[in-house]
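Undergrad: Chain by chain, the residues run as shown.
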Amino acid sequence: MGAIILASGISTDKSITNSVEHAAIAAMQCIASAKIQAEDIALIINNGVYRSKNIVEPAIALLIQKELGINLDFVKAANGKDAFGLDLMNGGMGAINAMKVADSFLQSDAVRYVLIVGGDCHPSEKSPSDYPYTTLGSALLLGKGTDAMRGFQGFAFKSEQFSNQGRQGYLECLNMGTNGRNMMTIKTDPGFIPAVMKLAANTARTYIEKNGLNLKTVNVICSQLGKGFAQGLCKEIGVPEAATLDLFEQFGDSHSATFGVGYHQLQKQGLTKSGTQLLFVGAASGIDSGVAHYVC
Amino acid sequence: MKSRFESIGVYLPKQINTMKNRIAAMQNPPPFDLEAITGIKEFRTAETHDDSFTMGLAAAKDALSRSQYKPEDLDVIIVGSITRTTGGGDVRQINFEPPLSHSLKYELGAPQAMHFDVSNACAGMFTGVHLLERMIKAGTVGNGLVISGEFITPIAETATREIVGATDLQFGSMTVGDAAAAVIMDRAVSDEDCINYFEIMSCAEYAQLCIGMPSDKTEGIGLYTINAEMHKKDRIQLWPRFQMEYYRKNGGDIVSEKFDHILHHQVGTRAINNFSKYGSEIFEAPLPSSNLSGVERFANTASTAHFVVLYHALKEGTIKKGEKVLIVPAASGVITGFLSTTFTHLKV
Chain A
1 MGAIILASGI STDKSITNSV EHAAIAAMQC IASAKIQAED IALIINNGVY
51 RSKNIVEPAI ALLIQKELGI NLDFVKAANG KDAFGLDLMN GGMGAINAMK
101 VADSFLQSDA VRYVLIVGGD CHPSEKSPSD YPYTTLGSAL LLGKGTDAMR
151 GFQGFAFKSE QFSNQGRQGY LECLNMGTNG RNMMTIKTDP GFIPAVMKLA
201 ANTARTYIEK NGLNLKTVNV ICSQLGKGFA QGLCKEIGVP EAATLDLFEQ
251 FGDSHSATFG VGYHQLQKQG LTKSGTQLLF VGAASGIDSG VAHYVC
Chain B
1 MKSRFESIGV YLPKQINTMK NRIAAMQNPP PFDLEAITGI KEFRTAETHD
51 DSFTMGLAAA KDALSRSQYK PEDLDVIIVG SITRTTGGGD VRQINFEPPL
101 SHSLKYELGA PQAMHFDVSN ACAGMFTGVH LLERMIKAGT VGNGLVISGE
151 FITPIAETAT REIVGATDLQ FGSMTVGDAA AAVIMDRAVS DEDCINYFEI
201 MSCAEYAQLC IGMPSDKTEG IGLYTINAEM HKKDRIQLWP RFQMEYYRKN
251 GGDIVSEKFD HILHHQVGTR AINNFSKYGS EIFEAPLPSS NLSGVERFAN
301 TASTAHFVVL YHALKEGTIK KGEKVLIVPA ASGVITGFLS TTFTHLKV
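Quick note, the sequences are listed as chains A and B, same order.
This note's numbering applies: residue 1 is where the first sequence begins, and numbers increase by one.
This note's numbering applies: residue 1 is where the second sequence begins, and numbers increase by one.
Check before you lean on any hint, since a few could be wrong.
Here are the simulated BS3-like pairs of lysine-lysine, each with C-alpha atoms no more than 30 Å apart in a straight line [said to hold, decoys possible]: (1) A:Lys216 - A:Lys158; (2) A:Lys268 - A:Lys35; (3) B:Lys232 - A:Lys53; (4) A:Lys158 - B:Lys232; (5) B:Lys277 - A:Lys76; (6) B:Lys61 - B:Lys14; (7) A:Lys81 - B:Lys14; (8) A:Lys81 - B:Lys70; (9) A:Lys81 - A:Lys144; (10) A:Lys126 - A:Lys53; (11) B:Lys277 - A:Lys210; (12) B:Lys70 - A:Lys158; (13) A:Lys273 - A:Lys144; (14) A:Lys158 - B:Lys2.
Cβ pair distances, simulated, as ranges [as the list claims (entries may be wrong)]: (15) A:Val75 - B:Asp73: 41 to 51 Å; (16) B:Arg248 - A:Gly177: 52 to 62 Å; (17) B:Arg187 - A:Ser127: 42 to 52 Å; (18) A:Pro190 - B:Ala166: 50 to 60 Å; (19) B:Lys41 - A:Glu125: 39 to 49 Å; (20) A:Gly226 - B:Gly317: 50 to 60 Å; (21) A:Met1 - B:Lys321: 36 to 46 Å; (22) B:Val255 - A:Asn175: 52 to 62 Å; (23) A:Met1 - B:His49: 47 to 57 Å; (24) A:Met149 - B:Glu72: 31 to 41 Å.
To be clear about the criterion: a stretch of chain B counts as covered by chain A if any three or more of its residues have a C-beta under 8 Å from a C-beta of chain A, and this derived list gives those stretches [what the hints assert, rightly or not]: (25) 51-65; (26) 78-85; (27) 105-118; (28) 155-167; (29) 199-208.
Just so you know, the hints here were simulated from the structure itself, not pulled from any lab data.
Remember, predicted model here, so these are calculated numbers, not experimental data.
We put the CB at the ideal spot given by N, CA and C, even for glycine.
For reference, chain A alone in the conformation it holds in the complex (with noise of 0.2 Å):
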């Protein structure tokens, strides 16, 4: 049986400038509202890609986790429970990724809870102009599923070979002097957000053609690459444009914390009730997309 959300979290402030404080806020909160004992949670990924000072090591996990207090040490902790943190990166749809390795953990029952954070901030902490992602912070929580009718019922994933992969972010190893901690370049193909919406349009009704799912009652959370590109990416698959939420206007490009910003959003407006059809849909430079089929 496919894994279950729990419950979810964001992290909004804008005088916080770390996307750790900002996971780790979002983490809290989501623990919280699903009243959980936070030691249970075995596993969390962390799908942030940018990070304060282009810290290499140790994962960004693994400072979220310390932050949120979970099983620090095994050791000193005596209660036998144990936790495992990682980064997984995939541009701004690891989220969906993550869930495809949450659900399997939850399936094998190898573990309780998976905590899946996002969020992203330049490493200078500033937010310069050629820096196109918003600094905040989203948390799931997901647990294993009871019902086979709910939780994730399936995923996609489909990738295309495109010009400089459409969207490169990197760190100039022989161009930083002494300001490696600071720097960042961010180069974005000028056809890359057409091609990706494409592509992940095509995921996604790919998908839905393949399962049977209603055009009408399918929702749609998916990436936030610009203004409009919701709406656009919902006529591309077929949907109406009143299926997905627009969340560019509110929030920008959350980038890696763009799934649960989303789903957060609507379970905030009542929009998760029981048998609602959800689908995450994925676009990342590569290029690359991901659909993630979920009923509330």
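Use these hints to put chain B onto chain A, whose structure you have.
TA: Only chain B this time, still in chain A's reference frame:
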């Protein structure tokens, strides 16, 4: 359902350098004998055209050359490098987006595979193996390829320029070498050839003991480790206590498991011996006398270290058909765990 290592591949750059040369290049050589302490005599250094991508690609091709699977058969490709560099020596960039796994899968001819990168310090490959193992167990994928290319010697270049005293946080960087490794995993068909069990954890109390990031003193990437804390006996003994808890819950013990070999993270010969010694104290039993090591020849190749040693132990016949190996991951974080595997068909 169990999984297994179906194939293993390694790429080592041809360029061999010595610890003596590295120490000689230091602006402020230490008052102690680093070669004697670490046991590292030589290591590989990436060629000018090499980077994490090209080395990872070569290791993946090596693994595929002995696999029953073709690139078009692969369900998942996971890259676990710390370094994620492309552009070779002239351009050299660390990539954050898109993941290296995207370009690697196209270069390998596996466009159908789901792909993503994981980042988890020296446990990056083990993280990929762990995720893949659980996905295979759940039946959500049938097979996959885990790759890591570590172009890590630039941190040693930074260290040779910047180390100023005997307690400098960058001494750990002096012990690294470049290498790449790849493993293909699938469903086990026999208990004689499988991953028997694999558990891994992060004790994030110690997450800030070792941090890798760009230097603010000279142009380069630095690794800053509080070694005295990182390798404290208590930290090392997290592993055997974790493994004993597993046996308490699932049955078994270290003696009845009858491991033929043990494989630790390759941080130095003394440290490797200490890991077994400290482990043995907690288990209250001897650990395998065959403590697999390649640190003298290859140094610490970061996330690929265990797999480089495993590859050579299989190739050189140190691990024989049907033997059981206890593999102990260790990484910044602090990450530790244990992987029990039996090898019957895996060949190099």
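Undergrad: With reference to the structure, classify each hint as holding or not holding.
TA: Tested hints:
Restraint check for Lys216 of chain A and Lys158 of chain A: the C-alpha separation of about 24 Å stays at or below 30 Å, so the hint holds. Taking the CA atoms of Lys268 of chain A and Lys35 of chain A, the gap is near 17 Å; set against the 30 Å cutoff, the hint holds. Between the alpha carbons of Lys232 of chain B and Lys53 of chain A the distance comes to roughly 27 Å, so the proposed pair stays at or under 30 Å and holds. With a CA separation close to 46 Å, the supplied pair Lys158 of chain A and Lys232 of chain B exceeds the 30 Å bound.
With a C-alpha separation of about 21 Å, the suggested pairing of Lys277 of chain B with Lys76 of chain A holds against the 30 Å cut-off. Distance restraint check for Lys61 of chain B and Lys14 of chain B: the Cα-Cα separation of roughly 17 Å lies within the 30 Å cut-off, and the hinted pair is therefore satisfied. The straight-line distance between the Cα atoms of Lys81 of chain A and Lys14 of chain B is roughly 45 Å, outside the 30 Å bound, and the hint therefore fails. Note on Lys81 of chain A and Lys70 of chain B: the hinted pairing is violated, with a Cα-Cα distance of about 40 Å set against a maximum of 30 Å.
Of the pairs offered as hints, the one joining Lys81 of chain A and Lys144 of chain A holds, with about 18 Å between alpha carbons and a cut-off of 30 Å not exceeded. Taking the CA atoms of Lys126 of chain A and Lys53 of chain A, the gap is about 11 Å. The hint holds against a cut of 30 Å. Restraint check: the Cα-Cα separation between Lys277 of chain B and Lys210 of chain A comes to about 57 Å, which exceeds 30 Å; the hinted pair is violated. A hinted pair counts as satisfied when its Cα atoms are at most 30 Å apart, and Lys70 of chain B with Lys158 of chain A qualifies at roughly 19 Å.
Of the supplied pair hints, the one linking Lys273 of chain A and Lys144 of chain A holds, its CA atoms being roughly 19 Å apart against a limit of 30 Å. The suggested pairing of Lys158 of chain A with Lys2 of chain B holds, with an alpha-carbon distance near 28 Å, which does not exceed 30 Å. The hinted window of 41 to 51 Å between Val75 of chain A and Asp73 of chain B holds, with their beta carbons roughly 43 Å apart. Taking 52 to 62 Å as the suggested C-beta distance range, the pair Arg248 of chain B and Gly177 of chain A conforms, at roughly 53 Å.
Range check, Arg187 of chain B to Ser127 of chain A: Cβ separation about 47 Å, and the 42 to 52 Å hint holds. Checking the proposed 50 to 60 Å range against Pro190 of chain A and Ala166 of chain B shows it holds: the Cβ atoms sit about 54 Å from each other. About 43 Å separates the C-beta atoms of Lys41 of chain B and Glu125 of chain A, a value consistent with the hinted range of 39 to 49 Å. At about 58 Å, the CB distance of Gly226 of chain A to Gly317 of chain B agrees with the hint of 50 to 60 Å.
A C-beta distance of roughly 40 Å is found between Met1 of chain A and Lys321 of chain B, which places it inside the suggested range of 36 to 46 Å. The hinted window of 52 to 62 Å between Val255 of chain B and Asn175 of chain A holds, with their beta carbons roughly 56 Å apart. Remark: the range hint 47 to 57 Å for Met1 of chain A to His49 of chain B is upheld by a beta-carbon distance near 49 Å. In this structure the supplied range 31 to 41 Å holds for Met149 of chain A paired with Glu72 of chain B, their Cβ-Cβ distance being about 35 Å.
Residues of the stretch 51-65 of chain B lying with their CB closer than 8 Å to a CB of chain A number 0, which falls below the three-residue condition for coverage. For the stretch 78-85 of chain B, the stated coverage by chain A is satisfied: 4 residues place a CB nearer than 8 Å to a CB of that chain, which reaches the threshold of 3. Closer than 8 Å: that is the beta-carbon criterion, and the stretch 105-118 of chain B has 8 residues meeting it against chain A, so the requirement of 3 holds. Only residues whose C-beta sits within less than 8 Å of a C-beta in chain A count toward coverage, and the stretch 155-167 of chain B has 0 of them, not enough to reach three; the restraint is violated.
With 10 residues bearing a CB less than 8 Å from a CB of chain A, the stretch 199-208 of chain B meets the requirement of three and the coverage assertion stands.
Going through the hint list in order, the structure does not satisfy hints 4, 7, 8, 11, 25 and 28.
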